[in-house]
Amino acid sequence: MRWDSLYSHGALFGVAAALDCSPAAIQAALPSNATVNFAYPLKANATFQVPQGDTGYPVSPVSLPALCVVSAQVQSVRNTTFGFGLFLPDDWNGRFLAVGNGGFAGGINWLDMVCA
Amino acid sequence: MSTDTGHNSSSSDGEWAYNEPGKVENWGHLAMHGSVVAAKAMTTAYYEKESAYNYYSGCSTGGRQGLKEAEYYPEDFDGILAGAPAWWTSHLQPWTVKVALYNLPTTADYHIPPALFPAIGAEVLKQCDPQDGMKDNTISDPVGCNFRTEELLCAGNVTNATSTGCLTSPQISTLYKIYTDSIGDNQTFIFPHLYPGSEGQWLLLSGQEPNSLGTDYVRYFLGLGPDWSFYDYNEDIQRLADRLQPGNASVGFDLSAFNAKGGKILSYHGMADGLIPTSSTPLYYNEVYRTLKPQGVDVEKFFRFFLVPGMGHCSGTTQSVNAPWYFAGGNQAPALGPTVYGVPGFRDKEHDALLALVAWVEEGDAPNHIIGTKYVNDKTQAEVLRQRPLCMYPKLAKYKGNGDVDDAGSWECGSLY
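Protein chains in written order, with the numbering used here: chain A, 167 to 282; chain B, 10 to 426.
Hints are computed from structural coordinates only; laboratory data are not their basis.
For glycine and all other residues, C-beta sits at the position ideal for the given N, C-alpha and C.
A portion of the hints provided could be inaccurate.
[As the list claims (entries may be wrong)] Okay, the calculated bits of chain B under chain A, using three or more residues with CB under 8 Å as the criterion:
hint : stretch
1    : 22-36
2    : 60-70
3    : 213-219
[As the list claims (entries may be wrong)] Computed list of lysine-lysine pairs in BS3-like fashion (alpha-carbon distance at most 30 Å, straight line):
hint : chain 1 : residue 1 : chain 2 : residue 2
4    : B       : K58       : B       : K135
5    : B       : K58       : A       : K209
6    : B       : K302      : B       : K388
7    : A       : K209      : B       : K49
8    : B       : K144      : B       : K302
9    : A       : K209      : B       : K388
10   : B       : K144      : B       : K49
Produce the entire structure from the sequences given, and follow the hints as far as they go.
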C-alpha cells in the first residue's frame, strides 16, 4: 500500500516485519482454511508482475515501495475457493486498507492496492 | 488487500455464475469478508502487531462491496469509502436490460443513434447549466432542471435527423423514457433514471443489444441460460431477481450495527454517470435515513455522501465540461497515470477523500465537503484548471458572488432553499 500520503498525515507507528517474506513463513501465519499461493519480497521502485492469465486486473503496478507481496487461497462454500493479494510494506504505517472490484470482474485488483 | 471474489473474469463477463451459487455468494459478499479476516490475521503475524485502523475504498461493484461490509460485517472496517455503489444488484442489472430496450431495435423509428447523443447532451447543457444559478458548462442540479425535450424536435424540412442533429417525434418519446424512473405494475418503483447530463456516457443505450452487465445477469445469475433473448424481457424477470437475490449481493438499509461500533462511511456519485443512475445513491442514503432516524440515529454522524457535478462513472469528465472530478476516490488514480497516488499537489484531507475519511475516523473531524480538482493536463497534473467544493448531500455548491469561479474559495455549500 503506497500510503505515503498518510505519512504526512502522521504514521501511527513505525513497524518492521517480524517474519520472513517466504511462502513457509507466510503459510504459518495464515488461518487453517487458507493456503499461500506465492510470497516474495520486492525492492523499492520495483514492478509487481501480475500473473499471466489474470483477466480481471491485468495491469502491473509500478514504482512500489519495498514490500512483501503475498497471494493466498481460502476455502469457501460448496467446494469453492477465493483468493486474495496483499502488499506488506517494509515500513508500515499501522493501517490496513482493502480495495474493491468492478462489475462482474474476478481478479485481485493489484493496481488499486497501490494507488490509494 | 484485494480479493479476486472467487473467479477469474473481465468486468463485463458473468458466465462464470451459471449454476454456481457458491461462486455467486463469494462474489456477493463471502470473498471480501473472508479475505479481510485472513489478511488481517496475516498482517498481525507478519508485524507482530494488529493494525490500528482498518479502511476500505472501492467504486461501482467496489462501492457495493463496501456498503455490504458495513451491513453484514460491521467489525471489518473503521472507515469505508464507497463510490457510485452498485448496491441494488437485483434491480440495477435487470434495469440495464430494460433501459437498452427503450432504444432497440436499431431499426425502429424511435431508435436514437449514438451519433445524436452529443446533440442531446449539448441541448441539455444549454437548458440545464444556467438553471443551477451559474453558467459554467457544468450542470450542478440536474434534478432541478426543467428540461423541454421538444427543443430537439426536427423542423419540417429536415430529411436526415441524425446529420442535422435533431430528433423525430418517436425519438423524443424514447428520450422521455430515458429520463423517467422505471415504474412497474401497481406503481411499483423499480429503478431511478439516468440524469440529464449523463449523455456523454450513454454506453448502455448505444449497442445493438443491451450491455452484458444486464443480459449476463439474467442468463447466468438468474439462471435463464445462454439462449435467453433480451427481447423477452418483462417484469417477471424483475420479480424473479427479487425472489432469488443471487449471492445476497444487494445491500440492505439497516447499518445500525456499523454505526454502533463507531464506523464511518463516505460515499459519492458522479452526476454524469451513464452506467449507474446517479440518484440510486441518494435513494440508498434516504432509505438508510428512513430506517435509522426513527431508531434515534443521527445518520450524518456516521454516513455522509457527496454528489460530483460533471463526473461520469467513478472517474472522468467529458472534455466539453471539464468538471473538477478528481479527489482520489476508488479507481481514480490509475485514470491519471500509473505512478499517481493521492491528489498530486494537494495531499491533504480537504482534497483527498480517503484522507478525509481517515481524519473523520481517527480525529473525529467530519467532512462537510471535499474539494474536487481538475488538472489542465490529467497526465502531468502540473497545473490546476479548476477546483470546487463537492458538498454533502443535500447541499449544493453555491458561488459566493465574487472571486474566480475556478477557485474553490469562491464557493460555499448551501441549502437549496
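Hint check results:
no.: 1; hint: 22-36; verdict: holds (count 11)
no.: 2; hint: 60-70; verdict: holds (count 11)
no.: 3; hint: 213-219; verdict: violated (count 0)
no.: 4; hint: B/K58 - B/K135; verdict: 57 Å, violated
no.: 5; hint: B/K58 - A/K209; verdict: 23 Å, holds
no.: 6; hint: B/K302 - B/K388; verdict: 44 Å, violated
no.: 7; hint: A/K209 - B/K49; verdict: 23 Å, holds
no.: 8; hint: B/K144 - B/K302; verdict: 37 Å, violated
no.: 9; hint: A/K209 - B/K388; verdict: 26 Å, holds
no.: 10; hint: B/K144 - B/K49; verdict: 49 Å, violated
In terms of the numbered hints stated before, the structure departs from hints 3, 4, 6, 8, 10, listed from lowest to highest.
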